[in-house]
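Asker: Sequence:
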Amino acid sequence: AGILQFYLGKEFCYHHYVSCSDTDVQLKSKVTRSSIPFGLPLKDFANADDRNGDQIKKWTSWAKKYLRPLGETTAHGDENVDVLYLADALSFSEFLNILLRDSLLAIGSFTFVALYMQVHTRSWFLAGMGMLQVIMPFPIAYCFYKIGVEAFFGLS
Numbered sequence: 010a011g012i013l014q015f016y017l018g019k020e021f022c023y024h025h026y027v028s029c030s031d032t033d034v035q036l037k038s039k040v041t042r043s044s045i046p047f048g049l050p051l052k053d054f055a056n057a058d059d060r061n062g063d064q065i066k067k068w069t070s071w072a073k074k075y076l077r078p079l080g081e082t083t084a085h086g087d088e089n090v091d092v093l094y095l096a097d098a099l100s101f102s103e104f105l106n107i108l109l110r111d112s113l114l115a116i117g118s119f120t121f122v123a124l125y126m127q128v129h130t131r132s133w134f135l136a137g138m139g140m141l142q143v144i145m146p147f148p149i150a151y152c153f154y155k156i157g158v159e160a161f162f163g164l165s
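According to my numbering, the sequence shown holds residues 10 to 165 in order.
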């Protein structure tokens with residue numbers, strides 16, 4: 010039952026049929042969990058240490074080509090299916106995509122606010138100085154964090 014609880018999640022139940030013996034069990038669950046392990050060495054390599062960098066590059070390109078579209082298809086096609094990656098290569102690549110998307114949103118917001126201020130004040134100088142006031146606290150706050158918090162509390 011322990012392995013079934015792992016694969017079927019916390020909410021699984023046994024349904025005994027009246028006509029069946031006590032050993033016949035039907036399992037039902039709204040949640041299922043699967044794990045597909047991948048390992049080294051890949052095909053055409055002697056062992057995990059044989060050209061390890063080449064194996065990682067080969068696996069990463071394969072994963073980006075076949076596994077990422079699987080997650081994107083289920084994310085947009087079926088709202089009841091979630092695909093979670095536990096691979097470092099895919100996680101880092103996904104992290105970079107999120108970072109890029111969020112950076113573009115921040116730049117777009119900054120640009121919109123600057124243009125909005127310019128339209129209302131009719132002055133590029135005032136809009137620029139207003140945006141400078143928004144930006145200037147960031148390096149100062151970073152210095153306070155590096156000097157104050159890390160130095161006195163040992164945080165890294």
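Derived from the structure by calculation, the hints contain no laboratory data. Keep in mind the model is a prediction, meaning the values are calculated, not measured. Some hints here could point you the wrong way.
What the hints assert, rightly or not - Listed below are the simulated EDC-like cross-link pairs for lysine to aspartate or glutamate, each with C-alpha atoms no more than 16 angstroms apart in a straight line: (1) K66 <-> D97; (2) K74 <-> D53; (3) K73 <-> E103; (4) K73 <-> D58; (5) K67 <-> D97; (6) K67 <-> D53; (7) K66 <-> D53; (8) K73 <-> D53.
Asker: Work down the list of hints and note, for each, if the structure agrees.
Answerer: Cross-check of the supplied hints:
| no. | hint | in the structure |
| --- | --- | --- |
| 1 | K66 <-> D97 | holds (12 angstroms) |
| 2 | K74 <-> D53 | violated (20 angstroms) |
| 3 | K73 <-> E103 | holds (10 angstroms) |
| 4 | K73 <-> D58 | violated (22 angstroms) |
| 5 | K67 <-> D97 | holds (14 angstroms) |
| 6 | K67 <-> D53 | holds (11 angstroms) |
| 7 | K66 <-> D53 | holds (14 angstroms) |
| 8 | K73 <-> D53 | violated (20 angstroms) |
The structure is inconsistent with the numbered hints 2, 4, 8, although it conforms to all the rest.
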